[in-house]
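Chemist: Let the hints inform the model, and build the full structure from the sequences given.
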Amino acid sequence: MSIDAYPLIADWITTRDGRLLVHTGKVDIGQRISTALTEIAHEELTIPPDQIDIAPVRTSRAPDEGMTSGSNSIEQSGHAVRCAAATLRARLIALAVSRLGGAPKDWRISGGVLRVPGSNRQISVLNLIDEVPADTEIDRHAPFLTRPPGTVAKPAMRGLSEMVLGRFTFVHDLEAPGMLHARTIHPPHARARLDRIELKTTDRSRVEGLHIIRDGSFLAIAGSQEWPLVQASVQLAKACCWDPGGGVPETDVFTQLVTANASRFPVIDGVPQNSGVPDALPKPDMHARYERPYQMHGALAPSAAMAHWDGETLKIHCHSQGIYPLRTSIADSLGLRHGQVDITHVPGSGCYGHNGADDAAFEAALISIALPDTPILLKWSREDEHSNAPYAPAMVIDLAAKLADGKIAAFSAEAYSDTHGARPRPGPNRAGPARLLANRLRADAIGPVPPQPNMGRHTGIHRNLDPIYAFPKKRLVKNLVTGGPHRTSAMRCLGAAANIFALESFLDELARGQGADPIAFRKAYLTDPRDRAVLDELQRKTMLLPDLPETGGRGIAYAQYKNQMTRVGICVDIDTDDRANIYLTRANIVADAGRVIDTEGLSAQLEGGFIQAASWALYEAVTWDRDGILSRDWDSYPVIRFGNIPTIDVTILNRPEDKSVGAGEASPGPAIAAIANAVFDATGIRMRRMPFTPDAIMQKAFAD
Amino acid sequence: MTLKLHINGKTYGVSSDPGTPLIYVLRDELKLKGSKLGCGLEQCGACAVLVDGKVEMSCVTAAQAFAGREITTIEGIGNSALGRRVQAAFVEFSAAQCGYCTAGLIVATTALLHRDAAPDRAAVTTALSPHLCRCGSHPRVLKAVDQAARS
Ligand code: FES
Ligand code: FES
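From first to last, the protein sequence lines are chains A and B. Residue 144 in the numbering used here sits at position 144 of the first sequence; the count goes up by one each step and never skips. So the number in the numbering used here is just where the residue sits in the second sequence, counting from 1, plus 1000.
Simulated from the structure, these hints should not be mistaken for laboratory data. Owing to the predicted nature of the structure, the values given are computational and were not obtained by experimental measurement. Any given hint could turn out to be false.
[Stated by the list, open to error] In the EDC-like style, the derived pairs of lysine to aspartate or glutamate whose C-alpha atoms are separated by at most 20 Å in a straight line are:
| hint | chain 1 | residue 1 | chain 2 | residue 2 |
| --- | --- | --- | --- | --- |
| 1 | B | LYS1143 | A | ASP649 |
| 2 | B | LYS1031 | A | ASP173 |
| 3 | A | LYS473 | A | ASP405 |
[As the list claims (entries may be wrong)] Ranges between beta-carbon positions, derived for each pair:
| hint | chain 1 | residue 1 | chain 2 | residue 2 | range |
| --- | --- | --- | --- | --- | --- |
| 4 | A | GLY335 | B | LEU1041 | 38 to 46 Å |
| 5 | B | ASP1120 | A | LYS283 | 53 to 61 Å |
| 6 | B | ARG1069 | A | MET179 | 24 to 32 Å |
| 7 | A | THR255 | B | GLY1019 | 25 to 33 Å |
| 8 | B | SER1080 | A | ASP17 | 33 to 41 Å |
| 9 | B | ALA1067 | A | PRO244 | 41 to 49 Å |
| 10 | B | LYS1054 | A | THR255 | 47 to 55 Å |
| 11 | A | MET179 | B | GLU1092 | 54 to 62 Å |
| 12 | B | SER1080 | A | ALA156 | 21 to 29 Å |
| 13 | A | GLY18 | B | GLY1019 | 48 to 56 Å |
| 14 | A | THR313 | B | ARG1069 | 43 to 51 Å |
| 15 | B | LYS1010 | A | THR313 | 51 to 59 Å |
| 16 | B | GLU1042 | A | SER224 | 20 to 28 Å |
All C-beta atoms, glycine included, are put in the ideal place defined by N, C-alpha and C.
Modeler: Here you go:
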C-alpha cells in the first residue's frame, strides 16, 4: 500500500512558490489521475484547484508506487493523498489554535482559509503548511471533510486548456541545448540479426555528418535536424542486410493454443493453484470456443524518449507507465547503480498498457551513452511502433456447461494464451534487462526469459475467468502457452477482455436458446444487490430505447472488473447492411465504481474503454508472414474512426459510502460481448472470433 | 532564395531544405510544436493544419508547396472567433484524454464550421474521419463540434 512505504504528509503534499504541490508516483496516462488528485486535495483542504499543482513524477523525488496499471491509481495514490490532506487539515487547525486561540471546533475552513466565524481571526492554509514539521506522519484515521454538495469546485481536466491551444508538452516536444534527434533501425522481425551494412556512395552523402551507433544488431542514427535524420535513417535501413534466422513462424496461432502446449493451473476463486487440473465436464449440454487475435496498443504517437548521459548520471524523460521498475532494469542493463539513473515521466499519447515506451527509453539511453554530454531525443516511427511494441497475446477460451431444468448446473472455462505480463521489472535471470527489446539485439545479447505464470488473483490470463455468477459447480483452468510468434505483454484489461467476451457471449447463447430475457437470465445467478442494481438500471434504460430497424440488433453484457472493482452493464444497438457492415448506433453504459470523485473523468474512461473495445471487436488483428509483421500502419491495421461512433449514454450509480475504484478497464470486456450479442440479434450469426469484419461474418454465414 | 511561409499571420523565412515536409519545418525549425506527428503517412490527422481555410495534412507535402498560401496551425486557430469557439467547446466537453489528436481535430472542426455553419452528423463524421483518436474521445468531440456549431 502506498502509505506504508511513504508514511509522511510531506511525501505527498508540500508547497512551492505559495502553491500546493501534490506528489504522486502514478503517472497521468489520460486516465486523469492528476485531475482526481487535485480534486481530492481541494476537497480536504478547500484550496482552490487553480492553486494546486501536481509534481512531475520523477524517480529521484516522487513516491515509488511501482506501475500505473490495473485501474488502481485512485485506490492507491488517491487514498494516500486524501489521508495526508485530512491529517494536514487537523494539524493546521491545531497550529491555528495555538497561534490565535479558540478551540479546534471554533475554526472553519473554506476557500483555502481557516477562520473563526464572527471574529477577525483568520489564516491562509498555504501560509501555514510550511510550519507543520516535515516528519509529521499521516494519520490514517483522520476524518475526511464532508461538505454539502455544490460547495466543492470541480477542477477542469488537467492540461486540457493547454491541449486546445497546442501548448501541452508531450515527450516528443522536448528541447534541450545541443540536442540531437535519433531514430533506431529495427530488424524486420524479432528473429532477424544484422549481418552487415552496405551503404552505396549515394547513400553515404546522406548519412555523412550524422552519428551511427551500432551494438550487435542494435542500430541507431542521430543528427541535429530531424528531417535529414529521418531520410538518412531510411537510407541506412535499406543498406542493412539481415540474417532472417528462420523467419517468423506462420502457423495458425489458434491451433497452437491447446492443452498439449500449455502449463495448466486450476483456478479457484480467481487464484491459480499448483495442483492437478480437474477432469473436463462429461458430456456438456453446451460447448463453445471464443478467440481473440494478437492486437496492438497502437498509440496515436509513436514512442519517444529523451536521454542524457554526463558520465555520472543518466537522465531520462519518457512516457513509461512504470518508471521505477524501468530505472532498475536500465541500471542493471548498463551496470550502473540505481541512483545513477533518474527517470522523469513526461506524457506521451494515450497509453493502454505496455507499449513501446520502455523500449524507446532504453534505446535513447544506449544512444546517449555512445554520445555522452549530448541530450538525445529518440522518436520511433509509425512502423516501429506498429511492428515492435509488445502485443496483447492471442487468446482462446473454451466454455462448457451442463444444464438442469434449463439452469446452469456446472460450468467450465479454460483460457489459453501467452503471457500478459512482460514489463521490464527486476526479477530472477535478469528478467528486467531481458525484457527490454534492445538487450535482445546487442552484441552481448540477453535472450528472452520464459515467462512465469502469474499466480495472483485475477491477474493475466485468468483475469475475469472466474464468473461473477453463482453457478453451482465451476471448473476453471488457466493455460499458459509460451513460445508464440510475437512478443506479448500487458494491454488494457489483460485476459479480462477476451474472458468476458467469451462468458457473456456464452450466456447470451444459452439465454436465447431458451427464449429467456438476457438480463433476467443473468440476474437469476446474482445475489449481490450492487450487481442487481446495475442490471436493473440497464433494464430500465433498455425499455426506453426506440424500436430497432428491421436490419438492427441489440445485445447486452455485464461484468465486474476483476470481480471486485467497477461493475458495468452495457446495452448496444447496431444496424447492418447486406454487405455485413456493422454500424454501432447506440450504447447505454451503466456503472458502479463506488464513491465517485471525478464524474467526467469516470464517464470519459468508460466511453473511451467502450470505443477502444469496439475497435478491437470490429476491426483489429495483427497480421504477419515469414518475413515480418504486415500490420505496419493504419491502412494495414485498420481501427475505429469517427464514421462508426455510436451515441453513448453513461449512467453512474454513485456509492458515496464505498471506496472509489478505477474504471479504465471495466467497460471493454462487456462492450465486446454486447456487440457480439447484437450482431447475433441482427443477423443470426454467432461471431466467436474477433474481429467481426464483414469478411469474417460472411465466411461464418456460409460455414453455419 | 530562402523559402517564405505565411503562418498564423506572420511571415517566416525558412532555412530548412524546401523539400522538407511542412510538419518538420513547423516543429523542428520554427518551434511551433502544437501540430503533432502521428504517422507521417497522411493516415491519422494529427498533423492537420489549415491552408487557405482548408484542412491539409502537413506530414508528407513539402514546405515549398505551401509558399504564398496562408497557413494556420493550432497556435493560430484562436486568432479567429470561430477558432476560439471551437477551442472553448472542446474544453467544455472535455473532448480529449491524452490530447495528442486534439490539435488536428480542432483544426478540422474549425475548417468544417467555416464552410458549413450547421453541418449534419454525416458532414461532421466525414470531416473528422481522416482523424484517429485512440483514447476514444470521439463521443465528446462530436458533442463539442455540435456545441461550437450552435453557439
Ligand atoms: S502525421 Fe500526418 S496524418 Fe498522421
Ligand atoms: S485523446 Fe488520445 S488520441 Fe485522442
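Chemist: Run every hint past the structure and note whether it holds.
Modeler: Verification of the hints:
1. LYS1143/B x ASP649/A: holds (12 Å)
2. LYS1031/B x ASP173/A: Holds, because 9 Å separates the two Cα atoms, which is no more than 20 Å.
3. LYS473/A x ASP405/A: Roughly 15 Å between the alpha carbons, so the hint for LYS473/A and ASP405/A holds.
4. GLY335/A x LEU1041/B: 38 to 46 Å: holds (39 Å)
5. ASP1120/B x LYS283/A: 53 to 61 Å: At roughly 56 Å between Cβ atoms, LYS283/A and ASP1120/B fall inside 53 to 61 Å, so the hint holds.
6. ARG1069/B x MET179/A: 24 to 32 Å: For MET179/A against ARG1069/B, whose Cβ atoms are near 31 Å apart, the range 24 to 32 Å holds.
7. THR255/A x GLY1019/B: 25 to 33 Å: violated (49 Å)
8. SER1080/B x ASP17/A: 33 to 41 Å: holds (35 Å)
9. ALA1067/B x PRO244/A: 41 to 49 Å: holds (45 Å)
10. LYS1054/B x THR255/A: 47 to 55 Å: For LYS1054/B and THR255/A the Cβ distance comes to about 50 Å; the hint holds.
11. MET179/A x GLU1092/B: 54 to 62 Å: violated (37 Å)
12. SER1080/B x ALA156/A: 21 to 29 Å: holds (23 Å)
13. GLY18/A x GLY1019/B: 48 to 56 Å: Because 50 Å falls inside the window, the suggested range holds.
14. THR313/A x ARG1069/B: 43 to 51 Å: holds (47 Å)
15. LYS1010/B x THR313/A: 51 to 59 Å: violated (40 Å)
16. GLU1042/B x SER224/A: 20 to 28 Å: holds (26 Å)
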